[in-house]
Amino acid sequence: AQSVAQPEDQVNVAEGNPLTVKCTYSVSGNPYLFWYVQYPNRGLQFLLKYITGDNLVKGSYGFEAEFNKSQTSFHLKKPSALVSDSALYFCAVRDMRGGADGLTFGKGTHLIIQP
Amino acid sequence: DGGITQSPKYLFRKEGQNVTLSCEQNLNHDAMYWYRQDPGQGLRLIYYSQIVNDFQKGDIAEGYSVSREKKESFPLTVTSAQKNPTAFYLCASSFWRGTGSTDTQYFGPGTRLTVL
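Protein chains in written order, with the working numbering: chain A, 1 to 115; chain B, 116 to 231.
Bound conformation, chain A alone (with noise of 0.2 Å):
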């Protein structure tokens, strides 16, 4: 069984400071590791995602994530937040040997960026 944790269920920061959006996974095997964002009643849109090869991943609107093997470690970050960050994230896991329904999902962290 895989699982997906996502410990803050909300987390605050002030325009201009780094953020950071903590993510822990379970998987069997080897993991695929997913990150995605969430304005208010809007599907799911797609941030970055991990395969293989560099720990540092970088994606869309200057988001990053840390792939930490030992630490089963996935955190999502941003050097310098801005008020338009505010939004749902979700993190979320495949098992590399899973199959199409492998994609786990944490329950979210709201996001909120003060100005």
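Please keep in mind that the hints were generated in silico from the structure rather than gathered at the bench.
Incorrect hints may appear among the rest.
[Stated by the list, open to error] Calculated lysine to aspartate or glutamate pairs in the EDC-like style (CA-CA distance at most 20 Å, straight line):
#1 A:Lys58 to B:Asp218
#2 B:Lys129 to B:Glu177
#3 A:Lys107 to B:Asp174
These figures come from a predicted structure and were not determined experimentally.
With chain A's structure known, arrange chain B on it following the hints.
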């Protein structure tokens, strides 16, 4: 959201009615998915389909049905057997290249279903 359309955006259902949510994609994706989103629970998989005329149950399939007669379409029917259908429903699609596929799922804009 580009390339995946869902309709209607808002849907109201009376107790005991079946309703069908539409999902269409023009991305030539092989696989399509239906998720349910409830506040604080993330996304839960209802059904998925890797190829035309084939589909599989996800984690919460009870009270739902699907069909995949065309590659670009994957409608979801919420039946009267679904005890608590009020939720936000999201359709997604991706290429599918077999076990170990790294393909990204892309999502439609969602349908909000409310039971009156």
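Here is what the structure says about each hint:
Straight-line distance between C-alpha atoms of Lys58 (chain A) and Asp218 (chain B) comes to about 17 Å, which keeps the hinted pair within the 20 Å bound. Taken as a hint, the Lys129 (chain B) and Glu177 (chain B) pair is honoured in the structure, with Cα atoms around 19 Å apart against an allowance of 20 Å. Proposed proximity of Lys107 (chain A) and Asp174 (chain B) is supported: the alpha carbons are some 15 Å apart, at most 20 Å.
In summary, this structure violates none of the numbered hints.
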